[in-house]
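Q: These are the residues of each chain, in order.
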Amino acid sequence: MLVLLSVKNLKMHYKTKMGYVRAVDGISFDLDSGEGLGIVGESGCGKTSVSMTILRLLPDNAEFKGGEVLFDNENGEPVNLVSLAESEMRRYRWKGISMIFQAAMNSLNPVYKVGDQIVEAIQNHFPDTPTDVAKKKVAELFKLVGLDPTRMEQYPHQYSGGMKQRAVIAMALSCDPRIIIADEPTTALDVIVQDRILREIRAIQKKLNMAMIYISHDIAVIAEVSDRIAVMYAGKFVELADSVTIFKRPMHPYTYGLMHAFPSVTGKKVDLVTIPGEPPDLLAPPRGCRFYPRCPKGDKLCEEKDPEYVEVDKGHFLACHHPVQPGEVVQFNAE
Amino acid sequence: MQNESVVATDTILKVENLRKLFPAERRLFGSVRYFVHAVDDISFEIIRGDSLALVGESGCGKTTTGKILVGLYEPTSGKVFVEQEDVTPLLYEGESSARKYIESTYLEKFLSMSEGDLKRIEGVEGLYAQRFADLGKNRSKFIEEFLKDRRERVGQLRRRVQMIFQDPYESLNPRMTIYDIVAEPMNIHDVGTIKEREERVADILASVGLTPPETFMFRFPHELSGGQRQRVAIARALILNPSFVVADEPTSMLDVSIRTGIMKLMMKLAQDYNMSYLYITHDLAVARYMSNNIAVMYLGKIVETGATEEVLHHPLHPYTKALLTAVPIPDPEEKRGEPNIKGSVPKPINPPKRCRFYNRCPYAVEHCEKSDHPPLKEVSPGHWVACYVVSGNAG
Chain A
1 MLVLLSVKNL KMHYKTKMGY VRAVDGISFD LDSGEGLGIV GESGCGKTSV SMTILRLLPD
61 NAEFKGGEVL FDNENGEPVN LVSLAESEMR RYRWKGISMI FQAAMNSLNP VYKVGDQIVE
121 AIQNHFPDTP TDVAKKKVAE LFKLVGLDPT RMEQYPHQYS GGMKQRAVIA MALSCDPRII
181 IADEPTTALD VIVQDRILRE IRAIQKKLNM AMIYISHDIA VIAEVSDRIA VMYAGKFVEL
241 ADSVTIFKRP MHPYTYGLMH AFPSVTGKKV DLVTIPGEPP DLLAPPRGCR FYPRCPKGDK
301 LCEEKDPEYV EVDKGHFLAC HHPVQPGEVV QFNAE
Chain B
1 MQNESVVATD TILKVENLRK LFPAERRLFG SVRYFVHAVD DISFEIIRGD SLALVGESGC
61 GKTTTGKILV GLYEPTSGKV FVEQEDVTPL LYEGESSARK YIESTYLEKF LSMSEGDLKR
121 IEGVEGLYAQ RFADLGKNRS KFIEEFLKDR RERVGQLRRR VQMIFQDPYE SLNPRMTIYD
181 IVAEPMNIHD VGTIKEREER VADILASVGL TPPETFMFRF PHELSGGQRQ RVAIARALIL
241 NPSFVVADEP TSMLDVSIRT GIMKLMMKLA QDYNMSYLYI THDLAVARYM SNNIAVMYLG
301 KIVETGATEE VLHHPLHPYT KALLTAVPIP DPEEKRGEPN IKGSVPKPIN PPKRCRFYNR
361 CPYAVEHCEK SDHPPLKEVS PGHWVACYVV SGNAG
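As you go down the protein sequences, you meet chains A and B in turn.
Residue numbers in the first sequence follow the working numbering, run continuously in steps of one, and reach 335 at the last position.
Residue numbers in the second sequence follow the working numbering, run continuously in steps of one, and reach 395 at the last position.
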């Protein structure tokens, strides 16, 4: 059986005056249908660039440096999205893979009615759809995401933040995509609204058996919606496993640090870990392991040689020379 | 209002019935038709060395409260006390109104009195009368002296209360060096010689973890990372040794791995300098680590307040409960319930006379609609809740 989406050693760098920013530097993962994959990482680690590279929505200074994005288009051979011409790529965007953008509330056009914007999206990809059929479909989508269909005739400014987010999710669903990439879908929202939207997304995903890639800096949000979690650091995945393993038995020191840096509201009030230093400059990342300068377990080997990203256990991928052992307490001595 | 039994403790900040209304819509000739009730009659106090977390969703009035306390907004009504002194007129009134006040309260009275009568006045007013007599009943000199004294007190007050802003990318002037940014409060308040200022800046940079300070002093904000910039903002707030700092979401723009560093630094500095924070945040987990006491705000009102651990572990107000249930848990094996709350936050424009939470509350009864917004009631020692149902007054 083919996997729905297979990303192999994907590399994309941004060309700047100072040199190449190595934002996506050898990323590999598979995504099955119906699965929720979370990508967690700090700002500037390249997590948004990964999704933009998959969808090929890149600025002019982006340079593709290698790798494949194989998408199963349901008729035998998977297509390699990176080798497609722009006109062909358009057939896969929105219909095959759609996206919920960061700060989604700003991705609606303020001078068009919300319903019309979604109708337009449908008719763009299915030009034969009569307007009344498209409208009916939008009404159904509105119900699905928990919006009153009468609101189709309203403008974005008449919506609250949470409602705009729902409308954007409805739009992402409008062409029956097989994968949705949600980039920080709830970052600007208040917790109660965030809770509702996450529940909504999760329910729709289960109902339509859709694959989703969630991208967020918030581990707690990722934990709630993902079956598997990839931890990204400085342009690379450092660890990928099912979400329970990532939380209960992280093997990469960075993952370990992140898990212990997160304050909990009601659990035990533990001493929080501070990872010393700052993420590296992607213009000139460290020669060996990119986490080496901040890692308490780093040694000569880590400084010299970048660890390979390999499967250490079934479904557990890791790039580290000195994995955290079960029960080990890693001491980050920050300042 | 709270802690009536412990009046003698060292209160660093006290706020009484603070209100701030913003005009939302005006009639044709300029009178205001609707008001946004951003902060609506809140009171709290902070003991020296303690910190209070002000939590709530966006638009609940928490930032407005912080801005009022540092004098960036003038409250519509209410009083602010810093170290037991009523500073409301100092913080929010200009010099012209102070001048008018002197003229109407003192001068009018003093001018008609004889020297003998002036000497007979007692108390603070007596001191002023004496001074007035000493100055040879010179009207303008008296006003000058009075205002000079006032200016000094305003300066002292502003030194004691400082603020750290949310976004370190916008709160630092990009054209100033780190040294200039951190030393600016000292220049404004004319503290120390140039040499002393340099030493002080170096000290404070070292204590916020920017070491060695010489390598940071003459750089510009754009050369620093987000975490480093926030450290600069903290250094600037602390350079005048304030006794009280309003911290408005100081870590919400920072990454997780850097955030804990800033949180720990702020806690350490609070201890070292015996300083209090009003820590404004939407993140209850962060509030838990940064405060001893917590106040939950909803639509301009404090709906629940008490010791942080107590409120987070035994929330009583339905809103606090919903808020806590909605916080995602960083553990895939833990399942949390669905928050029990209806609808979404209404706009606080001319709110109807009933409990503010009425239309979202799953437990609301008739009494909640018929009566005013409930007052805060102490339901267990130090734990105050504004809810008729919880406090058993639902009629």
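A portion of the hints provided could be inaccurate.
In silico DSSO-like pairs for lysine-lysine, Cα to Cα no more than 30 Å straight-line [to be verified]: (1) K347/B to K268/A; (2) K113/A to K347/B; (3) K268/B to K268/A; (4) K206/A to K268/B; (5) K321/B to K269/A.
Treat the hints as calculated values from the structure; they're not laboratory data.
Q: Work down the list of hints and note, for each, if the structure agrees.
A: For each hint, the structure was consulted:
1. K347/B to K268/A: With a Cα-Cα distance of about 36 Å, the restraint between K347/B and K268/A is violated, given a limit of 30 Å.
2. K113/A to K347/B: OK: K113/A and K347/B at ~23 Å, within 30 Å.
3. K268/B to K268/A: With a Cα-Cα distance of about 21 Å, the restraint between K268/B and K268/A holds, given a limit of 30 Å.
4. K206/A to K268/B: violated, 46 Å
5. K321/B to K269/A: Distance of about 19 Å is within 30 Å: holds.
Taken one by one, the earlier hints fail for this structure at numbers 1, 4, listed in ascending order.
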